[in-house]
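As they're listed, the protein sequences go chains A and B.
For the first sequence, the tail end lands on 262 under the working numbering, and the numbers increase by one without skipping.
For the second sequence, the tail end lands on 431 under the working numbering, and the numbers increase by one without skipping.
Rather than coming from a laboratory, the hints here were simulated on the basis of the structure.
Here a beta-carbon is modelled for each residue, glycine too, at the ideal position from N, C-alpha and C.
Be a bit skeptical, because a hint or two may be false.
In silico EDC-like pairs for lysine to aspartate or glutamate, Cα to Cα no more than 16 angstroms straight-line [said to hold, decoys possible]:
| no. | chain 1 | residue 1 | chain 2 | residue 2 |
| --- | --- | --- | --- | --- |
| 1 | B | K337 | A | E191 |
| 2 | B | K322 | A | E72 |
| 3 | B | K349 | B | D180 |
| 4 | A | K18 | A | E72 |
| 5 | B | K337 | A | E49 |
| 6 | A | K47 | A | D34 |
| 7 | A | K47 | A | E117 |
| 8 | A | K254 | A | E237 |
| 9 | A | K18 | A | D40 |
DEER-style ranges, computed between Cβ atoms [claimed, not checked]:
| no. | chain 1 | residue 1 | chain 2 | residue 2 | range |
| --- | --- | --- | --- | --- | --- |
| 10 | B | R184 | A | Q234 | 40 to 46 angstroms |
| 11 | A | I26 | B | R255 | 42 to 48 angstroms |
| 12 | B | R184 | A | K128 | 42 to 48 angstroms |
| 13 | B | R266 | A | A152 | 41 to 47 angstroms |
| 14 | B | V259 | A | A243 | 40 to 46 angstroms |
| 15 | A | A152 | B | R184 | 52 to 58 angstroms |
| 16 | A | K128 | B | V167 | 53 to 59 angstroms |
| 17 | A | A152 | B | Y412 | 52 to 58 angstroms |
| 18 | B | P63 | A | D206 | 45 to 51 angstroms |
| 19 | B | R266 | A | E136 | 48 to 54 angstroms |
| 20 | B | W178 | A | D40 | 45 to 51 angstroms |
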Amino acid sequence: MEQQTTGIPGLKPAPLKTGVAVDLIGVHKWYGDFHVLRDINLRVTKSERIVICGPSGSGKSTMIRCINRLEEHQQGRIVVDGMELANDLKKIDEVRRDVGMVFQHFNLFPHLTVLENLTLAPIWVRKQLKKQAEEIAMHYLQRVKIPEQAAKFPGQLSGGQQQRVAIARALCMNPKIMLFDEPTSALDPEMVKEVLDTMVRLAEDGMTMLVVTHEMGFARQVANRIVFMDEGQIVEVNEPKAFFDNPQHERTKLFLSQILH
Amino acid sequence: MSDIATTTDAKLMEGPAFVRGQPLAPLPPPLAEAGAIGWMRKNLFSSTLNVVLTIVCAALIVWLVPPLVKYLLIDAVWEGSIRADCLPRPDRPEIGACWAFVIDRINFFTYGFYPIEERWRVNVFFVLLAAGVVWMAWLDAPRRDLGVIYFFVVMPVVSLILLLGWPLVGLAKVPTTSWGGVLVTVVVSAVGIVFSLPIGIVLALGRRSQMPAVRLFSVIFIEFVRGVPLITVLFMASVMLPLFGPETWSPDKLLRALVGVSLFAAAYMAEVVRAGLQAIPKGQYEAAMAVGLGYWKTMGLIVLPQALKITIPNIVNTTIGLFKDTTLVFIVGIFDFLMTIEAARVDPNWATPGISTTGYAFAAIFYLIFCYGMSRYARFVEARLAAGDRR
Numbered sequence: 002m003e004q005q006t007t008g009i010p011g012l013k014p015a016p017l018k019t020g021v022a023v024d025l026i027g028v029h030k031w032y033g034d035f036h037v038l039r040d041i042n043l044r045v046t047k048s049e050r051i052v053i054c055g056p057s058g059s060g061k062s063t064m065i066r067c068i069n070r071l072e073e074h075q076q077g078r079i080v081v082d083g084m085e086l087a088n089d090l091k092k093i094d095e096v097r098r099d100v101g102m103v104f105q106h107f108n109l110f111p112h113l114t115v116l117e118n119l120t121l122a123p124i125w126v127r128k129q130l131k132k133q134a135e136e137i138a139m140h141y142l143q144r145v146k147i148p149e150q151a152a153k154f155p156g157q158l159s160g161g162q163q164q165r166v167a168i169a170r171a172l173c174m175n176p177k178i179m180l181f182d183e184p185t186s187a188l189d190p191e192m193v194k195e196v197l198d199t200m201v202r203l204a205e206d207g208m209t210m211l212v213v214t215h216e217m218g219f220a221r222q223v224a225n226r227i228v229f230m231d232e233g234q235i236v237e238v239n240e241p242k243a244f245f246d247n248p249q250h251e252r253t254k255l256f257l258s259q260i261l262h
Numbered sequence: 041m042s043d044i045a046t047t048t049d050a051k052l053m054e055g056p057a058f059v060r061g062q063p064l065a066p067l068p069p070p071l072a073e074a075g076a077i078g079w080m081r082k083n084l085f086s087s088t089l090n091v092v093l094t095i096v097c098a099a100l101i102v103w104l105v106p107p108l109v110k111y112l113l114i115d116a117v118w119e120g121s122i123r124a125d126c127l128p129r130p131d132r133p134e135i136g137a138c139w140a141f142v143i144d145r146i147n148f149f150t151y152g153f154y155p156i157e158e159r160w161r162v163n164v165f166f167v168l169l170a171a172g173v174v175w176m177a178w179l180d181a182p183r184r185d186l187g188v189i190y191f192f193v194v195m196p197v198v199s200l201i202l203l204l205g206w207p208l209v210g211l212a213k214v215p216t217t218s219w220g221g222v223l224v225t226v227v228v229s230a231v232g233i234v235f236s237l238p239i240g241i242v243l244a245l246g247r248r249s250q251m252p253a254v255r256l257f258s259v260i261f262i263e264f265v266r267g268v269p270l271i272t273v274l275f276m277a278s279v280m281l282p283l284f285g286p287e288t289w290s291p292d293k294l295l296r297a298l299v300g301v302s303l304f305a306a307a308y309m310a311e312v313v314r315a316g317l318q319a320i321p322k323g324q325y326e327a328a329m330a331v332g333l334g335y336w337k338t339m340g341l342i343v344l345p346q347a348l349k350i351t352i353p354n355i356v357n358t359t360i361g362l363f364k365d366t367t368l369v370f371i372v373g374i375f376d377f378l379m380t381i382e383a384a385r386v387d388p389n390w391a392t393p394g395i396s397t398t399g400y401a402f403a404a405i406f407y408l409i410f411c412y413g414m415s416r417y418a419r420f421v422e423a424r425l426a427a428g429d430r431r
């Protein structure tokens, strides 16, 4: 299939209704007695790229999983592009449609081909026609540079290719916001770069992104702000240069000294 | 690294650095490992216990197979039309299986008391069913989505009209009381399978539901039905079903048995499907939710296709059990395949000392062919799925 650049909607990130993509206001969450998120306040504006880092168990993943309601928060407010996440199931599905997510373990659908993985949600949720959905899917496969794998099953691809398919799958829904939950942690070292490159290009297109990652090179290059979390709280938020060169909090200094050897 | 490689490399390894210039060529395996003798030594005579087991098995084969062949084939009577043909005569003192009897009564075994001039309808039903089964069982068949609709909707409706009759379209009514033989066995099994799978899936989903009321109902139903023998379920369906309707309502006897068998099989299917559902990783649900799929679409498009695929061997296993369990419907007065043999073997026209053995041997062969076929199919699917996982 030749490269098509016209006539396909959704080449650019869908515009946000409001200037604020995600607003977390005093969010708390408990797992049983364990206080996993403590008073999280974070405002992400349009086209902003946020990198979230911190030691394991600090609540990074839980926080971004709250944004599309894979986890439920128990106190505080989460507003995604003007829509508040409450117990209204309709609203939750609406938010999920506009928020793409990429998982650590890809979570592709193994019984479907790559192309079917990409077109399933657009057809069944966005009610696109099959032909149109496939055209858009091929476009995004080209953007993640694996259009030749369209007819294969996920199990036949390498980890890096699978993760790029997962990114394309999220993009096919034409999301306003993209969440990345440690997208390179399960990859062999030589495949990390191809996934990060894809994410860098996405950032250049102006996508609003929240990325949980330990890839500090990526954070330095792409992030507008870096959020450092520890023990369920946001400890420090700063621009990359200041964050790396002049961390304020003791905990941040310790963390950086451990991961930047 | 093999021994040969080590010795040749040893000279090279004397220096400080070593770089292989040419890849080593693969060598054939040692002779004792390959060939028939190698196979036998490895599989039949590898240890004392294995030798003993081999001898015992060989003895069993020698003891069982020749008499069986003698009875079923060599001494068997193939031609005849009355009981005298299957009695010992001076020129034929030993009598084996009386296949003449089976051949003579084969239509009775197949159709029961179904009117002779209407039996073509049963044959059409068999063909429709066979087509449906092939469509479903052949994994690479074209348009399997249509196959599902055919198997679970079109075929049951057409078959019902065909077998029961519909005077409006020129098909005379045939009451279920005159159905019998293989027809009844196949109908009960097919209805059991066609209904138990969807009901079982719903129950399995119910048992894993977030809603306590749905979960409780599913658990009670499954555990109750599983905790009761099929005979009891059949009796209950037969006696209790009329109590739920209006006083004058008397549901068809076969229908009562069908309901009983279907619900019984559904409880087992539910547990089989639940096992498959549990094997699907949480990440699949999360990925489906993250792209905005709701509960039913997540289940229908993502979870169930994967769960059912891995449970196919178990579903077939339950199906085999169900197929054999259908013989129990005789207890509520339904004339299934085994009952037709029961009736025919005491028929004065054919009753000889050896006729019961022949009848039961025929029944055994019938059930063996069907069950073994299903079991082979399950193995084939398993092998294919294993191959699919490897790729």
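Do the hints match the structure? See the list:
| no. | hint | result |
| --- | --- | --- |
| 1 | B:K337 to A:E191 | violated (36 angstroms) |
| 2 | B:K322 to A:E72 | holds (13 angstroms) |
| 3 | B:K349 to B:D180 | holds (14 angstroms) |
| 4 | A:K18 to A:E72 | violated (24 angstroms) |
| 5 | B:K337 to A:E49 | violated (33 angstroms) |
| 6 | A:K47 to A:D34 | violated (35 angstroms) |
| 7 | A:K47 to A:E117 | violated (31 angstroms) |
| 8 | A:K254 to A:E237 | holds (11 angstroms) |
| 9 | A:K18 to A:D40 | violated (26 angstroms) |
| 10 | B:R184 to A:Q234: 40 to 46 angstroms | violated (53 angstroms) |
| 11 | A:I26 to B:R255: 42 to 48 angstroms | violated (35 angstroms) |
| 12 | B:R184 to A:K128: 42 to 48 angstroms | violated (24 angstroms) |
| 13 | B:R266 to A:A152: 41 to 47 angstroms | holds (43 angstroms) |
| 14 | B:V259 to A:A243: 40 to 46 angstroms | violated (58 angstroms) |
| 15 | A:A152 to B:R184: 52 to 58 angstroms | violated (18 angstroms) |
| 16 | A:K128 to B:V167: 53 to 59 angstroms | violated (40 angstroms) |
| 17 | A:A152 to B:Y412: 52 to 58 angstroms | violated (37 angstroms) |
| 18 | B:P63 to A:D206: 45 to 51 angstroms | holds (47 angstroms) |
| 19 | B:R266 to A:E136: 48 to 54 angstroms | holds (50 angstroms) |
| 20 | B:W178 to A:D40: 45 to 51 angstroms | violated (60 angstroms) |
Checked against the numbered hints listed earlier, the structure breaks hints 1, 4, 5, 6, 7, 9, 10, 11, 12, 14, 15, 16, 17 and 20; every other hint is satisfied.
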